[in-house]
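Chains as they are written, first to last, in this note's numbering: chain C, 8 to 154; chain X, 8 to 154; chain H, 50 to 128; chain W, 50 to 128.
To be clear, the hints were calculated from the coordinates, so they are not data collected in a lab. Beta carbons: idealized from backbone N, C-alpha and C, even for Gly. It cannot be assumed that every hint is accurate.
Here are the simulated DSS-like cross-link-like pairs (lysine-lysine), alpha carbons at most 30 Å apart as the crow flies [what the hints assert, rightly or not]:
#1 X:Lys127 - X:Lys69
#2 X:Lys35 - X:Lys10
#3 X:Lys148 - W:Lys63
#4 H:Lys63 - H:Lys92
#5 X:Lys56 - X:Lys148
#6 C:Lys56 - H:Lys55
#7 X:Lys27 - C:Lys10
#8 X:Lys148 - C:Lys35
#9 X:Lys69 - C:Lys56
#10 X:Lys35 - C:Lys148
#11 C:Lys148 - C:Lys27
Only some residues are given here: those of chain W computed to face chain X with a beta carbon under 7 Å [to be verified]:
#12 Phe59
#13 Ala91
#14 Pro95
#15 Ala101
#16 Leu102
#17 Met104
#18 Thr126
Not close to chain C: a few residues of chain X, all C-beta gaps over 10 Å, as computed [as the list claims (entries may be wrong)]:
#19 Glu15
#20 Gly57
#21 Pro98
#22 Ile137
#23 Asp151
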Amino acid sequence: MIKIISEEFDPFAEVQAYQKQQQALSGKYGATNIFIGTMRDFNEGERVKGMTLEHYPGMTEKQLLAVVQEAERQWSILDVLVIHRVGDVFPDDVLVLVVVWSGHRGGAFDASRFIMETLKSKVPFWKKEILADDQSRWVAKNTDGYL
Amino acid sequence: MIKIISEEFDPFAEVQAYQKQQQALSGKYGATNIFIGTMRDFNEGERVKGMTLEHYPGMTEKQLLAVVQEAERQWSILDVLVIHRVGDVFPDDVLVLVVVWSGHRGGAFDASRFIMETLKSKVPFWKKEILADDQSRWVAKNTDGYL
Amino acid sequence: MTVSIKVRYFASLKELLGRSEDMLEFEQVLSVADVWRQATEAKVMPDNTLAALNMEYVDLACIVADGDEVAFFPPVTGG
Amino acid sequence: MTVSIKVRYFASLKELLGRSEDMLEFEQVLSVADVWRQATEAKVMPDNTLAALNMEYVDLACIVADGDEVAFFPPVTGG
Numbered sequence: 008m009i010k011i012i013s014e015e016f017d018p019f020a021e022v023q024a025y026q027k028q029q030q031a032l033s034g035k036y037g038a039t040n041i042f043i044g045t046m047r048d049f050n051e052g053e054r055v056k057g058m059t060l061e062h063y064p065g066m067t068e069k070q071l072l073a074v075v076q077e078a079e080r081q082w083s084i085l086d087v088l089v090i091h092r093v094g095d096v097f098p099d100d101v102l103v104l105v106v107v108w109s110g111h112r113g114g115a116f117d118a119s120r121f122i123m124e125t126l127k128s129k130v131p132f133w134k135k136e137i138l139a140d141d142q143s144r145w146v147a148k149n150t151d152g153y154l
Numbered sequence: 008m009i010k011i012i013s014e015e016f017d018p019f020a021e022v023q024a025y026q027k028q029q030q031a032l033s034g035k036y037g038a039t040n041i042f043i044g045t046m047r048d049f050n051e052g053e054r055v056k057g058m059t060l061e062h063y064p065g066m067t068e069k070q071l072l073a074v075v076q077e078a079e080r081q082w083s084i085l086d087v088l089v090i091h092r093v094g095d096v097f098p099d100d101v102l103v104l105v106v107v108w109s110g111h112r113g114g115a116f117d118a119s120r121f122i123m124e125t126l127k128s129k130v131p132f133w134k135k136e137i138l139a140d141d142q143s144r145w146v147a148k149n150t151d152g153y154l
Numbered sequence: 050m051t052v053s054i055k056v057r058y059f060a061s062l063k064e065l066l067g068r069s070e071d072m073l074e075f076e077q078v079l080s081v082a083d084v085w086r087q088a089t090e091a092k093v094m095p096d097n098t099l100a101a102l103n104m105e106y107v108d109l110a111c112i113v114a115d116g117d118e119v120a121f122f123p124p125v126t127g128g
Numbered sequence: 050m051t052v053s054i055k056v057r058y059f060a061s062l063k064e065l066l067g068r069s070e071d072m073l074e075f076e077q078v079l080s081v082a083d084v085w086r087q088a089t090e091a092k093v094m095p096d097n098t099l100a101a102l103n104m105e106y107v108d109l110a111c112i113v114a115d116g117d118e119v120a121f122f123p124p125v126t127g128g
């Protein structure tokens, strides 16, 4: 399932609620990989007070679904949950949650990472940071995951 | 932190409680990777009713700590929590929880996976499965993560 | 026949142009690049601008049709 | 001088030998492999058996000393 939400959310409550609904997973999922992306209070050497996440309603969901479907084609996985926040966010708020349930750990790790990397390069979301002096700036480019 | 526990545990409650204690993480962790290994109700084509997890008290903790320290040397990560269950377990019980907090996603994914793979090959735990007919068998060898 | 399309702008492009969308009507065959020129009075397109046609990424050379939605936006920075 | 060591067995090895530990006393210089022979009356060591000396993995050729704890166990299967 994919979800775009504009309110603060508890990633752990979301995982638990979703997992409970999916009766088919019971006894079958040996591995769960969860990635949580959280807003930091700094970026490129500057303090960041807050951020606004813009998206393209319609295209965002379409591209996100395509990423999940591609992961399901490439790895033998049981279920996927992706939640992405939009709107105004603050440090320590969760920006993105990716959960992959799988029989074995290899697929869970690989699919989770693939979804995150592809989401960051393909799915239309844009971050605008609000700095300590209330100036704002668009984030120009996502990192490659190692910086 | 590493913990060996013989009672059923809620991985989400553990992550949340630990994260709350670690004030130093606030604002700094952009990425959290969580791996949860859960007992399945089948293995090598047979139904498994339950399992007993044996360990070597003292050596298990020592080796687990060494794995975590090696991950901390190899990647730029902020904190690690590993909890491993021992004793009698049943399908859907959580066997292992690995959590890595990091500034960026690359280190969180890589360190989490490294800890899981190394734990499975180096840390003294042994699984004995109880099959549907109450016969039991030692698990001979861990998979390479892709089977 | 008159072709009418919707053009949408996001993030820094929306701010650059001072608006989030345009409705365009025309008679010729237009590519996505032509749509940009026509809608923006031939403003220079910022480096790395991405284009989508009906919510799928496309090359600027793609031809648009009646009822299409064309979008222009900077590199994405979600996650 | 008498050297005394503790020998521990885990998982399938514990079941094979029917006990979880032995206390061994001896006068010679013994390797970890010698410890196995002496403690088990020279039972064939199962393939893939792992050995630890004071909770660190070691080669069977390592020499043990007074007060050491030697352990034998099958490949680990945690996680």
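Do the hints match the structure? See the list:
1. X:Lys127 - X:Lys69: Answer holds: Lys127 (chain X) to Lys69 (chain X) is near 15 Å, not above 30 Å.
2. X:Lys35 - X:Lys10: holds, 24 Å
3. X:Lys148 - W:Lys63: holds, 17 Å
4. H:Lys63 - H:Lys92: Given pair Lys63 (chain H), Lys92 (chain H) holds - Cα atoms ~13 Å apart, limit 30 Å.
5. X:Lys56 - X:Lys148: holds, 19 Å
6. C:Lys56 - H:Lys55: With Cα atoms ~35 Å apart, Lys56 (chain C) and Lys55 (chain H) exceed 30 Å; violated.
7. X:Lys27 - C:Lys10: The hint holds at about 26 Å.
8. X:Lys148 - C:Lys35: Holds, at about 20 Å.
9. X:Lys69 - C:Lys56: The given pair, whose Cα atoms are some 41 Å apart, is violated under the 30 Å limit.
10. X:Lys35 - C:Lys148: holds, 20 Å
11. C:Lys148 - C:Lys27: Not satisfied, since the Cα-Cα distance of roughly 37 Å exceeds 30 Å.
12. Phe59: This interface hint holds because 6 Å falls under the 7 Å limit.
13. Ala91: violated, 23 Å
14. Pro95: Since the shortest Cβ distance to chain X is 11 Å, the answer is violated.
15. Ala101: Status holds, d = 6 Å.
16. Leu102: Because about 10 Å separates Leu102 (chain W) from the closest Cβ in chain X, which is outside the 7 Å limit, the hint is violated.
17. Met104: Result: holds, 4 Å to nearest chain X Cβ.
18. Thr126: Nearest chain X Cβ about 4 Å off; hint holds.
19. Glu15: At about 15 Å from chain C, Glu15 (chain X) clears the 10 Å cut-off, so the statement holds.
20. Gly57: holds, 12 Å
21. Pro98: violated, 5 Å
22. Ile137: holds, 15 Å
23. Asp151: Answer for Asp151 (chain X): violated, closest chain C Cβ roughly 8 Å.
Comparing the model with each earlier hint shows violations of hints 6, 9, 11, 13, 14, 16, 21 and 23; every other hint is respected.
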